[in-house]
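Engineer: The primary structure of each chain is shown beneath.
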Amino acid sequence: MSMVPTLLSVQNLSKSYGGVHAVRSVSFELRAGEILALIGPNGAGKSTCFDMLNGQNTPDSGRINLLGEDTVGRKPRAIWRLGVGRTFQITATFPTMTVRENVQVALVSYGRQLFNLWGSTASYARDEAGRLLDLVGMGAYAGRPCGELAYGDLKRLELAIALANQPKLLLMDEPTAGMAPRERIELMRLTARIAREQSIGVLFTEHDMDVVFEHADRILVLNRGSLIAEGSPEEVRGNPQVRAIYLGEGLVYDARHREGAGA
Amino acid sequence: MAFYFVQFLTGLASAASLFLVASGLSIIFGVTRIVNFAHGAFYMLGAYVAFTLTERFSGALGFWGGIVVAALIVAAVGVLVEMVLLRRIYHAPELFQLLATFGLTLMVQDIVVLIWGPDDLLGRRAPGFRGAVDFFGQNIPSYDLFLIALSPIVLGGLWLLFQRTRWGVLVRAATQDRDMVAALGVNQKWLFTSVFALGVFLAALGGALQIPRDAVHHALDLRIIVDVFVVVVIGGLGSIIGAFVAAVLVSELNAFGILIFPKISIILVFLVMAVVLIVRPWGLFGKPEAAARRTPGLTVNPWRPLTSGERSMSIGALVLAAMLPLFAGNYALTVGSEIAIFVIFAASLHFLMSVGGLASFGHAAYFGLGAYGVAFLAKAAGLPMIVSLLLGPLLGLLGAAVFGFFAVQLSGVYFAMLTLAFAQIVWSIAFQWVAVTGGDNGILGVWPDKWAAGPASFYWLSLAIAALAVTVLRVIVFSPFGFALRATRDSPLRSEAIGIDGKRVQWTAFVISGTVAGIGGALFAYLKGSVFPDSLGISLSVDALVMVLLGGVETVSGAVIGAIVFKAANIWLVSQTDLSKLVLGGFIVLMVVAFPKGIVGTLEAIRNRRRSSEPKSALATSRIEVAE
Chain A
1 MSMVPTLLSV
11 QNLSKSYGGV
21 HAVRSVSFEL
31 RAGEILALIG
41 PNGAGKSTCF
51 DMLNGQNTPD
61 SGRINLLGED
71 TVGRKPRAIW
81 RLGVGRTFQI
91 TATFPTMTVR
101 ENVQVALVSY
111 GRQLFNLWGS
121 TASYARDEAG
131 RLLDLVGMGA
141 YAGRPCGELA
151 YGDLKRLELA
161 IALANQPKLL
171 LMDEPTAGMA
181 PRERIELMRL
191 TARIAREQSI
201 GVLFTEHDMD
211 VVFEHADRIL
221 VLNRGSLIAE
231 GSPEEVRGNP
241 QVRAIYLGEG
251 LVYDARHREG
261 AGA
Chain B
264 MAFYFVQFLT
274 GLASAASLFL
284 VASGLSIIFG
294 VTRIVNFAHG
304 AFYMLGAYVA
314 FTLTERFSGA
324 LGFWGGIVVA
334 ALIVAAVGVL
344 VEMVLLRRIY
354 HAPELFQLLA
364 TFGLTLMVQD
374 IVVLIWGPDD
384 LLGRRAPGFR
394 GAVDFFGQNI
404 PSYDLFLIAL
414 SPIVLGGLWL
424 LFQRTRWGVL
434 VRAATQDRDM
444 VAALGVNQKW
454 LFTSVFALGV
464 FLAALGGALQ
474 IPRDAVHHAL
484 DLRIIVDVFV
494 VVVIGGLGSI
504 IGAFVAAVLV
514 SELNAFGILI
524 FPKISIILVF
534 LVMAVVLIVR
544 PWGLFGKPEA
554 AARRTPGLTV
564 NPWRPLTSGE
574 RSMSIGALVL
584 AAMLPLFAGN
594 YALTVGSEIA
604 IFVIFAASLH
614 FLMSVGGLAS
624 FGHAAYFGLG
634 AYGVAFLAKA
644 AGLPMIVSLL
654 LGPLLGLLGA
664 AVFGFFAVQL
674 SGVYFAMLTL
684 AFAQIVWSIA
694 FQWVAVTGGD
704 NGILGVWPDK
714 WAAGPASFYW
724 LSLAIAALAV
734 TVLRVIVFSP
744 FGFALRATRD
754 SPLRSEAIGI
764 DGKRVQWTAF
774 VISGTVAGIG
784 GALFAYLKGS
794 VFPDSLGISL
804 SVDALVMVLL
814 GGVETVSGAV
824 IGAIVFKAAN
834 IWLVSQTDLS
844 KLVLGGFIVL
854 MVVAFPKGIV
864 GTLEAIRNRR
874 RSSEPKSALA
884 TSRIEVAE
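Those protein sequence lines, which keep their order, are chains A and B.
First residue of the first sequence? That's 1 in my numbering, and the numbers climb one at a time after it.
First residue of the second sequence? That's 264 in my numbering, and the numbers climb one at a time after it.
Bear in mind the hints are in silico, worked out from the structure with no lab data behind them.
Heads up, the beta-carbon is just placed ideally off N, CA and C, and yes, glycines get one too.
Check the hints yourself; a few may be wrong.
27 Å max Cα-Cα, derived DSSO-like pairs, lysine-lysine [what the hints assert, rightly or not]:
no. : chain 1 : residue 1 : chain 2 : residue 2
1   : A       : 75        : B       : 713
2   : B       : 766       : A       : 75
3   : B       : 713       : B       : 642
4   : B       : 452       : B       : 550
5   : B       : 642       : B       : 791
6   : B       : 860       : B       : 452
Counterexamples of contact, computed for chain A against chain B with all Cβ distances above 10 Å [claimed, not checked]:
no. : residue
7   : 31
8   : 36
9   : 58
10  : 63
11  : 65
12  : 72
13  : 81
14  : 94
15  : 95
16  : 151
17  : 166
18  : 182
19  : 197
20  : 237
Construct all of the structure, not just a fragment, from the sequences and the given hints.
Structural biologist: Rendered as structure tokens:
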């Protein structure tokens with residue numbers, strides 16, 4: 001394990017609003033190819049944590065080291081340039097473009113052609129865009145207007161966009177929110193497969209414990225801004241404090257007992 | 264010292280009307296999200312109706328009663344406008360609402376001249392407030408003191424209305440979240456109508472109260488609306504206390520600005536506004552606009568380059584246009600040149616609006632700067648035409664680079680208002696800096712060199728430049744930059760998350776657009792042989808907006824058709840009727856309500872419907888209707 005490089009190292013991250021400590025001295029690490037889930041009840045500080053990692057929010061104190069660079073105070077676009085892909089809780093795509101063009105724009109940015117006034121976007125990195133769309137199973141929709149897509153397909157398109165800069169780290173904020181149960185499992189399987197194949201680290205927040213326990217290698221549990229538990233799915237599931245605060249009692253969340261529990 | 268104090272009081276008195284009108288605009292915006300351009304027109308109507316009533320009925324009751332009744336009558340007109348027009352466009356994009364209410368303003372300008380004639384009207388003095396109060400040797404009109412006392416009273420009354428009545432609670436709730444209020448079963452239609460009536464009442468009252476101080480004339484509307492925009496932008500749209508504080512601030516800046524910079528007093532106000540917008544883009548007392556619940560984009564059919572058939576058709580049309588000198592006379596060629604120039608202007612604005620999603624309400628600034636640039640180079644420096652034509656637009660580029668930098672920090676109605684304000688700054692510089700610009704007399708004698716002097720050669724030159732400009736803009740639309748710009752418009756969040764510096768992209772687009780507008784202006788100077796401040800004015804900016812809208816915002820080159828149709832119709836209309844503003848205003852209103860997609864957009868929609876009658880496209884159409 002120690003041979004695998006650390007992608008993300010967070011030390012003593014804190015943020016408060018007025019007198020409320022949204023995030024209190026949170027520290028953790030993420031390695032290449034690892035899938036790390038950040039869970040906790042509403043208001044635990046997951047989103048604040050996430051926003052600080054991707055540059056939408058600045059911490060009061062603490063350090064964030066992403067791929068060897070200190071990223072505190074950098075803008076989201078600068079963090080993207082370091083090799084971080086991002087998906088949002090509510091999908092953010094470009095509705096007036098086709099599915100392929102959505103990916104092409106990201107590729108244009110990756111190729112630093114944003115201020116190219118004279119080229120043709122239609123032919124820019126068309127094959128690469130097609131490859132990314134095939135990877136997420138959206139190849140057949142390449143020519144479709146993005147505004148017409150179903151929500152599950154938008155999520156997959158967003159994943160393709162997030163992969164355009166050949167990221168080393170994926171930040172996914174509630175990747176399966178708003179999806180049907182079967183779509184959730186499929187999307188996370190896809191994400192996990194891509195992450196393992198390309199050795200991409202994934203950090204995601206999630207409320208669906210089926211998704212969390214099936215796919216996460218490691219789980220961080222936040223409560224009232226503090227990290228209260230960290231470990232493998234089994235360890236976290238067995239932690240009495242986590243059960244009391246968040247998971248509740250019973251075996252509902254054990255993937256192997258899912259049918260038996262009947263929830 | 265006494266003099267400064269009196270100056271201060273004069274400022275406070277001027278603030279009264281400004282506050283009344285601005286609070287009305289703010290209340291209407293807060294609930295309906297409509298920035299009512301016609302608010303100045305209601306103000307003016309209030310003044311005219313009050314003039315008639317106070318002339319007819321004598322005595323104190325006749326005067327004060329006349330003022331209140333005038334405001335009530337105008338409020339009734341406002342209710343009619345709301346029910347007939349605004350109810351149809353509440354869900355239209357902001358730009359359409361601004362344009363529709365501007366159309367109303369144009370109509371009212373001609374209507375008041377029809378009813379009250381073109382001359383200034385002097386109202387009678389207020390009974391009981393005819394005299395002046397002596398203050399250490401300085402005179403203060405007692406009516407001014409009355410106005411100074413009035414604004415806090417109105418402010419208090421509005422506060423009670425909004426805090427202590429059930430209706431006020433509903434209005435405040437709707438200001439925060441009108442969808443939620445509707446979901447709670449409140450009859451939104453009447454809430455909106457009553458709010459609009461109150462807002463118009465306040466505007467008309469502001470106008471009516473001005474008659475003892477100021478002559479009534481038919482240009483009052485634009486003068487007040489620009490000031491009011493400044494006030495609500497500084498104070499924060501939707502905030503009444505903000506309107507009050509900003510009205511006082513702006514009036515005092517005007518009162519003292521005239522002492523400090525007598526020539527360019529107006530600039531002081533606009534500078535303050537620019538600073539406020541950059542530090543607090545939502546105004547001193549406003550709240551940041553909640554970005555949630557906005558379905559972005561109207562386009563469902565993504566843009567595509569021309570097919571080979573369409574390309575040959577466009578080239579054919581261009582060849583046909585180039586053959587005009589073979590059979591048309593000199594007048595037709597001059598008209599043709601003017602249309603070609605406006606094609607350039609409209610295309611430049613269209614690029615910014617459609618691809619960038621940035622509706623500039625002051626695009627004439629860059630057109631006019633290009634024109635003045637040419638005039639300076641040709642007249643002052645005596646450069647040959649070809650050099651002036653190449654270098655003149657650089658003044659437009661420079662203006663766009665400076666103003667654009669600030670403007671792109673904002674979006675939506677704030678962007679529209681800021682661009683309008685910047686255009687007014689440029690206009691007032693051109694108007695007031697007589698030594699350099701000739702002021703109202705303009706710069707005369709900017710004639711083309713011999714090779715381009717004939718109507719036919721000038722027409723060919725304009726046509727060629729127009730074709731080139733439109734082609735270049737089209738190429739940019741489909742270039743990587745064009746897509747980056749569209750990405751920024753479609754989803755600022757996503758574009759930032761894929762490494763796009765949105766502000767820089769938009770700024771670049773603004774500069775491109777302003778430069779192309781400047782090219783149009785440069786040609787315009789040579790066409791007319793002169794340059795006047797009108798080339799920078801609001802009405803020219805709005806002409807450009809109408810051309811874009813007429814062609815269809817959500818098209819690639821709709822503005823070309825829009826400019827041709829609008830300019831031709833406009834020139835024809837002015838030659839046919841004295842009431843061109845009435846007809847034009849009515850036309851704008853009709854267009855916004857009936858054809859919000861414009862000529863080209865409507866044609867495309869029909870063609871798409873024919874091409875695919877799958878259920879998919881029906882779904883797409885319903886998406887357009889709910890999109891906001």
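Engineer: None of the hints should be skipped; say for each whether it holds.
Structural biologist: Status of the hints after comparison with the structure:
{"no.": "1", "hint": "A:75 <-> B:713", "in the structure": "violated (56 Å)"}
{"no.": "2", "hint": "B:766 <-> A:75", "in the structure": "holds (13 Å)"}
{"no.": "3", "hint": "B:713 <-> B:642", "in the structure": "holds (16 Å)"}
{"no.": "4", "hint": "B:452 <-> B:550", "in the structure": "holds (25 Å)"}
{"no.": "5", "hint": "B:642 <-> B:791", "in the structure": "holds (14 Å)"}
{"no.": "6", "hint": "B:860 <-> B:452", "in the structure": "holds (25 Å)"}
{"no.": "7", "hint": "31", "in the structure": "holds (23 Å)"}
{"no.": "8", "hint": "36", "in the structure": "holds (20 Å)"}
{"no.": "9", "hint": "58", "in the structure": "holds (15 Å)"}
{"no.": "10", "hint": "63", "in the structure": "holds (22 Å)"}
{"no.": "11", "hint": "65", "in the structure": "holds (20 Å)"}
{"no.": "12", "hint": "72", "in the structure": "holds (17 Å)"}
{"no.": "13", "hint": "81", "in the structure": "violated (5 Å)"}
{"no.": "14", "hint": "94", "in the structure": "violated (4 Å)"}
{"no.": "15", "hint": "95", "in the structure": "violated (5 Å)"}
{"no.": "16", "hint": "151", "in the structure": "holds (14 Å)"}
{"no.": "17", "hint": "166", "in the structure": "holds (13 Å)"}
{"no.": "18", "hint": "182", "in the structure": "holds (23 Å)"}
{"no.": "19", "hint": "197", "in the structure": "holds (22 Å)"}
{"no.": "20", "hint": "237", "in the structure": "holds (33 Å)"}
Figure legend: structure checked against the earlier numbered hints; hints not met, in rising order: 1, 13, 14 and 15.
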